[in-house]
Amino acid sequence: MRTLRRRGGFVFDIVEAIHKALRIESTFWFVVVIAIGSAVVGGFFAWVIDIGYKRSPEFRQARNSPAAVQLSIACDIVSLPVVYQNELWMLSPVLGGLGKMTAPPLKNAFWPEEGARGLGYKCTLKNYGPETAFNTTMPLTISSFEWVQDAHGTWGYGEKLEVREVTISTPQPLGPQGTDQFSFYIGSYSSNRGFDVRLPSEGWINSDDHKAKQEVPIRISGGSSPLSVPGQMSDVTQPAK
122 MRTLRRRGGF VFDIVEAIHK ALRIESTFWF VVVIAIGSAV VGGFFAWVID
172 IGYKRSPEFR QARNSPAAVQ LSIACDIVSL PVVYQNELWM LSPVLGGLGK
222 MTAPPLKNAF WPEEGARGLG YKCTLKNYGP ETAFNTTMPL TISSFEWVQD
272 AHGTWGYGEK LEVREVTIST PQPLGPQGTD QFSFYIGSYS SNRGFDVRLP
322 SEGWINSDDH KAKQEVPIRI SGGSSPLSVP GQMSDVTQPA K
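First residue of the sequence shown: 122, per the numbering used here; consecutive thereafter.
FYI, nobody ran anything at the bench for these hints, they're computed from the structure. Remember, it's a predicted structure, so these values are computed and weren't measured experimentally. Just so you know, not all the hints are guaranteed correct.
[Unchecked claim] Subject to a maximum C-alpha distance of 30 Å in a straight line, what follows is the list of computed BS3-like cross-link-like pairs (lysine-lysine):
| id | residue 1 | residue 2 |
| --- | --- | --- |
| 1 | K281 | K243 |
| 2 | K243 | K228 |
| 3 | K221 | K141 |
| 4 | K243 | K334 |
| 5 | K221 | K243 |
| 6 | K221 | K334 |
Let the sequences and hints guide you as you build the complete structure.
Written out as structure tokens, the structure is:
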């Protein structure tokens, strides 16, 4: 026994100290305590390593790669006015940005206004990748035209007035696998102006952090680009120019 203890040396001293500290002689409970302690210590070091990895540029690049975030946008034609409750997000072609309309509590509201007559679009942006997309932004090209009638009373585009490049930002994260979506509406507030809205093929995520900002592709899964946004219809026929 003396020979065995002499060979064990420091290890046996530690085992003896643990037995005395825990006041146990049972081998079973000794093993249980050592196993729990090892799990706690190992878990702590694993947590520290994992936190360090998630703060590293390598993790951000892997998480925000095009394979991890897969954006898709679909735009469907809707009749105006749109009836909504709570809130509605819309693109203002004139102002060139997203705005939020809020309905009175427990009441319906109309966009762009009650009595409007014409066509617009409801565009829905989703993320079908395995990771959540944060702070998504995308560029749009908006061309404005005169909205006029010809000699036969048919409405259509007239002279091009201006072309604007705008960038819009989603006000919410887009969860993975299409679990979340962000929708906004496009329409004209004017009876004498129509618009073309060109949808993007690329956008950005993490746009609030220039170090993590990354370009990702956007797939147009519904509608065509550019979107033709007519001016509001008028009940009074205007003379052709």
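Here is how each hint holds up against the structure:
1. K281 / K243: Holds: K281 and K243 sit about 24 Å apart, inside 30 Å.
2. K243 / K228: holds, 21 Å
3. K221 / K141: violated, 69 Å
4. K243 / K334: Satisfied, since the Cα-Cα distance of roughly 27 Å is no more than 30 Å.
5. K221 / K243: holds, 14 Å
6. K221 / K334: At roughly 25 Å apart (the allowed maximum being 30 Å), K334 and K221 satisfy the hint.
The structure shown violates just one earlier hint, number 3.
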